[in-house]
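Engineer: Residue-level listing of the chains:
4 protein chains.
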Amino acid sequence: MSEPLGELEDLPQAYRDELKQAGVAPLWPMMRNVLPHGAPQPVTQAGYWNYDALRPLLLKAGELTPVEKAERRVLVLSDPGRGTGAMQATASIYLGMQLLLPGESAPAHRHTPSAVRIIVEGTGGYSVVDSERLPMEEGDLVLTPSGEWHDHGHDGNEPVVWLDALDLPVFVQLEGSYAVEGDLQPQRNRPDASEVEYKAAGLAPTRRPGHRARRFPMLRYPWTGTEAALRQMSAYGGDEIAELDYVNPETGEDILPTLGFTAMMFGAGQSQKPPLRSSSCAFHVIKGHGRTEVDGQVIDWGPKDTFTAPVFAAISHQAESEAFVIRIHDRPLQDKLGYYEERAR
Amino acid sequence: MSEPLGELEDLPQAYRDELKQAGVAPLWPMMRNVLPHGAPQPVTQAGYWNYDALRPLLLKAGELTPVEKAERRVLVLSDPGRGTGAMQATASIYLGMQLLLPGESAPAHRHTPSAVRIIVEGTGGYSVVDSERLPMEEGDLVLTPSGEWHDHGHDGNEPVVWLDALDLPVFVQLEGSYAVEGDLQPQRNRPDASEVEYKAAGLAPTRRPGHRARRFPMLRYPWTGTEAALRQMSAYGGDEIAELDYVNPETGEDILPTLGFTAMMFGAGQSQKPPLRSSSCAFHVIKGHGRTEVDGQVIDWGPKDTFTAPVFAAISHQAESEAFVIRIHDRPLQDKLGYYEERAR
Amino acid sequence: MSEPLGELEDLPQAYRDELKQAGVAPLWPMMRNVLPHGAPQPVTQAGYWNYDALRPLLLKAGELTPVEKAERRVLVLSDPGRGTGAMQATASIYLGMQLLLPGESAPAHRHTPSAVRIIVEGTGGYSVVDSERLPMEEGDLVLTPSGEWHDHGHDGNEPVVWLDALDLPVFVQLEGSYAVEGDLQPQRNRPDASEVEYKAAGLAPTRRPGHRARRFPMLRYPWTGTEAALRQMSAYGGDEIAELDYVNPETGEDILPTLGFTAMMFGAGQSQKPPLRSSSCAFHVIKGHGRTEVDGQVIDWGPKDTFTAPVFAAISHQAESEAFVIRIHDRPLQDKLGYYEERAR
Amino acid sequence: MSEPLGELEDLPQAYRDELKQAGVAPLWPMMRNVLPHGAPQPVTQAGYWNYDALRPLLLKAGELTPVEKAERRVLVLSDPGRGTGAMQATASIYLGMQLLLPGESAPAHRHTPSAVRIIVEGTGGYSVVDSERLPMEEGDLVLTPSGEWHDHGHDGNEPVVWLDALDLPVFVQLEGSYAVEGDLQPQRNRPDASEVEYKAAGLAPTRRPGHRARRFPMLRYPWTGTEAALRQMSAYGGDEIAELDYVNPETGEDILPTLGFTAMMFGAGQSQKPPLRSSSCAFHVIKGHGRTEVDGQVIDWGPKDTFTAPVFAAISHQAESEAFVIRIHDRPLQDKLGYYEERAR
Ligand SMILES: [Fe+2]
Ligand SMILES: [Fe+2]
Ligand SMILES: [Fe+2]
Ligand SMILES: [Fe+2]
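Chains as they are written, first to last, in the UniProt record's numbering: chain A, 1 to 345; chain B, 1 to 345; chain C, 1 to 345; chain D, 1 to 345.
One chain only, chain A, in its complex shape (with noise of 0.2 Å):
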């Protein structure tokens, strides 16, 4: 077990280039590289993004570059362990800020990986899937899930900013991300399914044999809501931060088939010290102000800032004001690949 495993400047040079040749290459060498210890060791680094640094970047990227030549108006956030440019925030997460203008829209497609838009600011902003029109308020969560067509549009008078989540990285990683364009769509002329169909928690519209629920029922989360929810859970919670996950209401589900979103409530000087996760994950703050430690590096953040933790990063949050936060995660996915773990500090 504690001998040193043979390295690549061991084996003749001439057998290095007959493996070459045939295509192989011993694992010994490697073997620590792939499987680690004890635990992963991520690239990944802790990111982080002031709002108020960003905000100006992303409008003059408006007055630059009209959405026409960008299709979507994004800057991404670049995990700092891969370096800027990187189209990813962790391992698993992809994050972009985008911006739509007044009058301007997104023209439709759909693709394999799946997103999350975090409404910033500004109002008018909607986004269509599959004809069902999503109004996008601060604090919404709106889901263009796998293979839904969808586009955006802005019948307000000021800009539109929103924090994308996806699971690009994933299919970029498995060669399957691709995606196909088309029209915009047409809008049914009623609210989305937050509105109508699932209205309430334990009510569900009536099955019927052979209809069966969409896959992605409900694809707006309208912040209102979930602000009343977590102030309940609060006020009972005792010690405890308040935590509610974002389910399907049909299935009880994580919206994604591999990113959960988690809404967080801290009470004025609440902090909270989760166990080490075998998650990455990102955090969004909707309102309020506070300090993160991610593996001795302090984050202070305030409302609309964004920031990130790698693998079984070492996490301990305080908040300095009543604040509510957005968690951004892949248990969902290691759920499903049977690893996910949470370790005692």
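If you are wondering where the hints come from, they were derived from the structure by calculation, not from laboratory data. Incorrect hints may appear among the rest.
Heads up, the list lumps identical chains together, so a pair's fine if it works in one copy or across two of them.
[Stated by the list, open to error] Taking lysine to any residue pairs in the SDA-like style, the calculated list, with each CA pair at most 25 Å apart, reads: (1) K60 - G103; (2) K336 - Y48; (3) K20 - G83; (4) K336 - R212.
Chain A is fixed; fit chains B, C and D with the ligands onto it per the hints.
Structural biologist: Chains B, C and D with the ligands only, in chain A's frame:
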């Protein structure tokens, strides 16, 4: 196929005696009884119970029988097909009207059958299920599922009445019905889960590894939420009446293993002619007036009335005024057995 | 808790008349009947049917009643607790001994209840289920599940006898039992799925998108495979007898929605004292001799005999010789209803 | 839709510097890379490894590197698209040829990725998984699933070689891959579950309440059973080749969370032109000779050879002689992510 089958009388008496001696009986004379052609031949008949008629009888039961001598002071709604005294309203559904007077309590027990209570009148009543205190307000559904301790109490000043719906007939027939008695339970000092954990559709307490959701996480479905959701459905439902199934918010499954509950809203003058269903069912009127035909029998109903229909009944509803009705049915059981069926009329 | 409940006679006759008039009945005088203390009080009693006694009666039925006058020429094993004539052996299990003579056929039908046939004697019999021809050899289990067309035929020279096990009582009680008749089916010219698609454990026809597995993909469980598997289990099972559940090879679920089947092998002299189970059950002896006590009643059994036990029966088996027995039980139904239970003795 | 998107060079250098400073990158210049039109653009290329060429290299590794210096003495089959040295054969599949010499043992460890070994040559090798001893015979599949302790040993006299198939690339990309080392395990003195508990299709150890089946109950799939089953399928399969999926006998699910295994049998001269699949795959030849085209590249294969194909490859097989091939693919993972797809050619 068309030849009539042999009858018992076709067999020699000596042979019939031998069969009896051996503890066996020929199937063929009974074949069409147990396997009728094309559709079941239910014993169950449509029933109707006017609340105004029932109420004084129930109050008199309160005078005649102290709760200590009754445990549960209930008048059972007997299927007319089986005759008064039958402990069932349809083949699978038991219905009883229960009275609790101010200051009374019904002692704790738990049993294999499951119950849902629909609150008919009165305020101040409550149920305690596994130490969770569940207020009972008009129109609320309150669950006491299989195996969970439950008792009832009353802090108010007027009689409290509720309709009990149980799958008791199934358990009695399966020789699986029994109860265990216990003491009144302590009550946790906080609102029930419908007020805390399941306050909004699409949100659930954050999942922790190893901590599984309770099998019946939501034990109370407040009427206020149901009515609001129905109104919203109705506003966008076009010609169809609004219908919502009560579901487990953690799984989307029906709220009981055998019985399903569906809340219906009729606009004034709206009608519904559902397909013929293999499920038997009961209807309880929360508010409003209307007329329903069940296999040709006309039932004029008003607030707090209850009526039933056997399997494959031809049912036509016609609301006079805006009306809210809860349908109780055994589709969940039939789904599990794999034979639930709807037929066009 | 200990005070006796009120009785019907405690109520004034006038009030009782009013209740009857209103179609309602007080619960409390019936309370302990429908919800007895601590455990069910089954009507079902243990039964025992000696095959040597049954066989001549069955053959005489063959002489007295042509198959055209019987459709299915069956002697039903009536629960002694309900008396001869009862179309059930326990609360949930129907058992019948069926005879098919050379050259006869039993016409096609399909029905809501499901059946498993255990072949008792004879060769040349076969069932056709949805056009799949299923040979019937001694000890085989042959399924005719809910809703699937089935007929029976006989190409051999000696009488064929099998034991039918159905969930008929459940469907009759639920008023869900009915049949549809049809013509004899064409037979696909190839062996059944147990000889082709499901020839080895852990292998299944390759999955194609959209092509779902049949709900009941394996309709015949050949005895030769079962005996070989039991012998292997027994060789490595230590003191415990070998017990294998019959399962759906595509899902691992029980082979019928309500009934489960377990093959048991006893070494000579081996005994078993299972826990008290909430399921009722029947035992059919494939080979061997032994003695079983059911709630104190002693049953000495030999090849092809059948015996039963009610819910929560105290059962003790003692094999004289090496013995193979099939246990039929309703645990699958009780699992679905959520109340299956085992108690230590 | 058709207008070309803006490029990085279209943006002023000062702005690009600011973006870099802020840790963000514009999406649109990268948009078509991460979301190509219509289908993925895989880096992976078809690979082919002739066993006759590989074998001497593997034996030489045995001479050059003692197992103590290698832990696992494996030559990794590197995707030609990524170049020799790549620790993966496709986007999701790792393949390695492993050598164990007589008397050697590979020490115990467990890790998050899962493996299946397909035995290529030699007798006397065995794996121990959670103390269950699994003999390794030619053509057998032996599982060492995620999280289960495993070591390997060799009681024979000739080299033993097997092909390792792992989902390692997925775990590496997710930063979830790690291992824990331990001592050689004790071995239970009885045959593995394929010889005892899962000896026949449609039978499983009797279910006891609370005792859940192991997540991976069957760890060895003996080739003899697979070949016999394929021959039977083939005899009744008509023009289609015989294809059987390896499944968990307790659930019918694929044998690993991410990877699927399908055994294929070609009659002499038989061909197959499967649809374009979104899964990537590898083929390992158990017996026989044939020719396969992958995206126009011709591969002539014989016994023990291995070859691969990227996602959506156009694959055409033509067997010269009767041939048995195992297909390894990532459909289970794609099913879980909800995007597995087949396209007509
Ligand atoms: Fe998109
Ligand atoms: Fe009760
Ligand atoms: Fe039948
Ligand atoms: Fe390993």
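Engineer: Now tell me, hint by hint, if it's right for this structure.
Structural biologist: Hint check results:
{"no.": "1", "hint": "K60 - G103", "in the structure": "within (17 Å within a copy, 69 Å between copies)"}
{"no.": "2", "hint": "K336 - Y48", "in the structure": "neither (29 Å within a copy, 31 Å between copies)"}
{"no.": "3", "hint": "K20 - G83", "in the structure": "between (31 Å within a copy, 9 Å between copies)"}
{"no.": "4", "hint": "K336 - R212", "in the structure": "both (23 Å within a copy, 16 Å between copies)"}
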